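Given chain A's structure and the hints, the job is docking chain B onto it.
The primary structure of each chain is shown beneath.
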Amino acid sequence: MAYLELSHINKEFAKAVAVNDFNLSAEQGEFVSFLGPSGCGKTTTLRMIAGFELPTAGKIQIDGKDLTFVPPNKRNVGMVFQSYALFPNMTVAGNIAYGLKVSGKPGAEIKQRVDEMLALIHMDGFSGRYPSQISGGQQQRVALARALAIRPRVLLLDEPLSALDAKIRVELRQEIRRIQQQLGITTIYVTHDQEEALSISDRIVVMSEGKIEQIGSSSEIYNFPKTEFVANFVGQLNLLPVDVVNLADGLVKVGGQLVRTSQTLDHTNGHAIRLAVRPEELNPGHREGENNLLGRVSTITYLGPVVRVRLEVEDRLLTIDMFNERRLQVPVVGDTFEFSFHPNACWLL
Amino acid sequence: MKTKNMNLWALLWAILGMLYFFVPLYGTFDFSLRMKKGVLSFLAYQVVLSDPQFLASFRYSATMGIITVIASVIIFLPTVYWIYIRLPQARPVVEIISILPFIIPAIVFVFGLIRTFDRPPLELTMTPTKTDILITMGYIILSMPYMYRAIDVGMRSIDVRNLTEAAQSLGSNWFQILFNVILPNMRIAVLSGALIVFATVLGELVLGEFLVRPALGPYMVDVGRDEAYQPAAMALMAWGLTWVCLGLISIFGRGNTSEQLTGR
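First to last, the sequence lines map onto chains A and B.
Mapping the first sequence onto this note's numbering, position 169 (from 1) lands on 169, and the numbers just tick up by one.
Mapping the second sequence onto this note's numbering, position 109 (from 1) lands on 109, and the numbers just tick up by one.
Note that these hints are calculated values from the structure, not bench results.
Please read all numbers here as calculations on a predicted model, not as lab measurements.
In silico negatives: residues of chain B with every beta carbon more than 10 Å from chain A:
1. L19
2. F109
3. R149
4. V221
5. C245
Pair ranges (Cβ atoms, derived):
6. A:A16 with B:R86: 16 to 26 Å
7. A:V170 with B:I103: 55 to 65 Å
8. B:P184 with A:A57: 33 to 43 Å
9. A:G136 with B:L12: 47 to 57 Å
10. A:F13 with B:L12: 56 to 66 Å
11. B:Q89 with A:F224: 45 to 55 Å
Quick partial rundown of chain A residues pointing at chain B, CB under 8 Å, derived from the structure:
12. M79
13. S83
14. A85
15. Y98
16. G99
All C-beta atoms, glycine included, are put in the ideal place defined by N, C-alpha and C.
For reference, chain A alone in the conformation it holds in the complex (with noise of 0.2 Å):
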């Protein structure tokens, strides 16, 4: 048995169903995120995991014991919130004690505890500051320090960087991963920010409208998607409505040209079919044995390491990333453009 076990769990509020049948199984010292729009019900399942909410229907288990009606503040589960929630009358010391003061805990121990997590989230000469005289992201490293202290058996994470910058937001989310791996604890990170998930999960829960559309690892959630949605939701995506030309073969045509799959169907159910291709898999150029097809050029945008190249093959907009290069080349609008991509970069849906 999975040490945290979610089972058919299912959440309503009045009448509308937030979490419907979810299901997850993560093993001890697992790093699982919920990945999701806002409004999926990634949230609301990470707070029946802590007991701010009770599902209508489901059960939570965590190292065989069930959990799914025992109140938050007996199931020593941690929490790190968006908002920090660092208590504003108490030292950074002080807030990190607290769960262990709380506990009864012996002061010799609670002071050794402080001291572990002070430095392992590298904060050892600021435990006499308030939570106001700390910048966010030190805030953040408390609020993990405090969850952490009473050495819980899950620790829970929502949306923790979403309040800060860019810059901080990368170093912050190394460090958790760090931290987590370093402690081995099972770890539920809620985020909807793709990059974040993809860059520091072992698996990784993509939802939409309370239900689960895909789990797996980034690689597989990516590179892999088994919806539209997560196609979609993770990273960019080409999306062309094609003509089929042979399904068993994965021969479809674009307009009027001719573009070769790995992929076979054996029906299309009614379904209009479309070719999906992420941007980064298309090359400008023509190279022999691939797809090679021709567009005009629509816009460019430069985004830095990238450049986005929009092109209209045949009225489908279709999008290519170009890495920024020195030497590169860069179309002009307007110009007709020839580019290609491996029959295995595409799948049909």
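Then chain B, alone, in the frame of chain A:
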């Protein structure tokens, strides 16, 4: 030019406003110093402060004020907290209830109290101690708008829900959350409410008069009926006490701002 004219008008109105406020005050002060014929002295103040009845009534009202403050905090802090955490939909109703003492005349309220609680089984007007319990309950109700508002404003200024959930996830029960996390962060709000409630009880007349208790309000009215200079002295002392209360709110309100703020 136009701005200059506006500034002059503003200054004129400010001066007129101050005169309206300070001239009667000065008149009262001047009158209170003329108890001894032809000499300006603090005799009226001396007479008031040396009157054992004044000291007794002040002690009684101050004691009632402290009891009322403690009881109000015990009643309203958990109530408002619970409304924030569990019953936010009840807030509009509770807000209306909280201002009822402003709407219902105190005299109606007092007669209601007497009519309801002087009968068996409670018979709260039968002994002085029981009547003190009744008068305290009356004070709690009369000062409810002040204490409720102060706590409500304090709750709004902190992230109650997240602080509660953070404390819960660290193993706190409701009592620990309220006393270790919520109350310390509401210190200024509770103190403001407490001082206003205390001042209200000190100056309260109707309950003390009709429940026949030796409160400061009825004493001041009695003295005002029979004497000329002492009521003026007492009015100024009451006014001074109010300013002391406001000053204390201001001093404690400044507090340690670093403890009061948090990232949201």
